[in-house]
Amino acid sequence: MENILEVKDLNISFHTFAGEVQAIRGVNFELKKGETLAIVGESGSGKSVTTKAIMRLLPPGNSEIKQGQILFDGKDLSKLTDRQMQKIRGKDISMIFQDPMTSLNPTMTVGKQIMEPLIKHQNMSKAAASERALQLLKLVGIPKPELRIKQYPHQFSGGMRQRVVIAIALACNPKILIADEPTTALDVTIQAQILELMKDLQNKIDTSIIFITHDLGVVANVADRVAVMYGGKIVEVGTVDEVFYNPQHPYTWGLISSMPSLDAKEEELYAIPGTPPNLLHPPKGDAFAPRNEYAMQIDLEEQPPMFKVSDTHYAATWLLHPDAPKVEPPAAVKSRMRKFMGAK
Amino acid sequence: MENREKLLEIKNLKQYFNIGQPNEVRAIDGISFDIFKGETLGLVGESGCGKSTTGRTIIRLYDATDGEVLYKGENVHGKKNKKDLKKFNRSMQMIFQDPYASLNPRMKVSDVIAEGIDIHGLAKSKQERMEMVYNLLETVGLNREHANRYPHEFSGGQRQRIGIARALAVQPEFIIADEPISALDVSIQAQVVNLMKKLQREKGLTYLFIAHDLSMVKYISDRIGVMYFGKLVELAPAEDLYKNPLHPYTQSLLSAIPLPDPESERTRRRKTYDPNVHLYADGEEAKMREVTPGHFVYCSEKELKQYQQQYVK
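From first to last, the protein sequence lines are chains A and B.
Using our numbering, read the first sequence as starting at 1 and increasing by one per residue.
Using our numbering, read the second sequence as starting at 1001 and increasing by one per residue.
Source of the hints: derived by calculation from the structure; they are not laboratory data.
Among these hints, one or two may not hold up.
Under 10 Å between C-beta atoms, here's a sample of chain A residues computed to sit facing chain B [said to hold, decoys possible]: (1) A18; (2) E196; (3) T275.
In silico DSS-like cross-links for lysine-lysine, where the CA-CA straight-line distance does not exceed 30 Å [said to hold, decoys possible]: (4) K1011/B - K1083/B; (5) K1108/B - K1014/B; (6) K334/A - K1243/B; (7) K1108/B - K1037/B; (8) K199/A - K1271/B; (9) K1243/B - K199/A; (10) K1271/B - K144/A; (11) K1271/B - K138/A; (12) K204/A - K1271/B; (13) K1197/B - K334/A; (14) K1271/B - K339/A; (15) K1231/B - K1014/B; (16) K32/A - K79/A.
Ideal Cβ positions, reconstructed from N, Cα and C, are used throughout, including at glycine.
Could you build all of it, start to finish, from the sequences and the hints given here?
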């Protein structure tokens, strides 16, 4: 499949009073046409910064793309002027934000907000845009669209607002949709509806989706491929089956083991000890090493490169080096691996 | 189960807001349940179902509209003199959802934690007070150097630990935890949940654990209550609730949780809940009925029979 977006060796820093925070430290990934790539990681791991860089929404004052390229359609998005970027943003690449309460304009009717990108990007007449807005509201499953189109955001519930946000994002049939924790603020039943809606719409208009979340359940539900981020780097990337059933990085092991399972009763939950690294002073070696019970001497001294597990599966841990000792992954991970072997 | 000591009895509790006005909200609409000593009761439901209000009414942050909350046989909401109120406040504490908003940014951690100690006069000297603070910090996995810092110097997980230390400071018996882990990262959630379980074992605490993350609730709770629009619709032992969800709302809630397992996600079928399935006829009374020992469902006589047949042993 062809790549629609390629991020190459991206480095982003924020300049703060305390010093330079190296939020992104060499991120590489590609997004294929029509796929859903989930980026998981905890707060501060750099997942939102990566996508904001793609959208060029980083605060202009204190952020800096130090190095790297974001290739979309043969253009490097990081080098475009603001005016050129405005033509892409909302048309070819659009974004759904986490909080549907704050991402809509409270003083405009939802109809107007959906029409805005249509009039700006597609030079539609007001009448045509309004017709299309009505279609979009129907598409995202809002009942009585003729009535709702004239209403204001406060007259919608959280789930309905998120549907409106999705309608706006999809207005121009974008090639890439970036969803930054789109369901985190919603209840499970509403979350399930929104996820079903997004998958359904993806099938209809063949968009590629970058889905940011920290909920591994949601990842298992929506993703084709998964990238795990930690300390400003991608530490593991693979298909959803590879990452869930054959994880290689100790951080991924930790994430998976710390989720309680619904069918088994564990005595004690596995908890990753310690706290995430401070990227004001990023560690010299592997950022996860201080919290990693499998860490070796080299983890403290040198950053591991991406080791290849399969054609689609890579992980950055020295444990995959041919000279590394064999280690036993945690029990929860091992039982998953057996399932993977069984499936093969 | 039957002969366990009831720590808390909630009887037909109602909490209405804006009474008599057009925007009257029936946040809690007549719920009854007991909490036994030493157990963890989980309370789940969607936002707006009244689960947080239930917690806040129990601890007297709101005055109940109707019904009663009995703590060790004594009415929580009855008139109390200062002394009784102090005694009550000491035995019941709360951990809040947002560790960023629930700590006073202008107070040192030692003062945040010791506030309860000061109010109740639990320490005889300054030195004893600090000693207690240090002990509490160590209990929750922080260290004594943290006592002189301010809340902004801590991460979310650490702040939640401070919140727990503050709740423990007055040696309560009963703690209401209102979504204590929702604002935390996955890897930190497990740390806090493990800490709460450990403290329960060591100190014999009783918890009311309010959450919307159903997998964590199942892990920490002995029994779970499911709320829907101000009513308790099902109450059962944790294992049993997941094995035998009987109320259609519980079924829809459980079927909506995505599991971290791509294989099962591909086959998961979501059920939707339509409140119209009940359509009670005139004279049919819907209330909490016991389907099997310990497993209660809000239903009518007719539905009860149906649920009893459905129940898988």
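Tell me, in ascending order, the numbers of any earlier hints that this structure violates. 1, 5, 7
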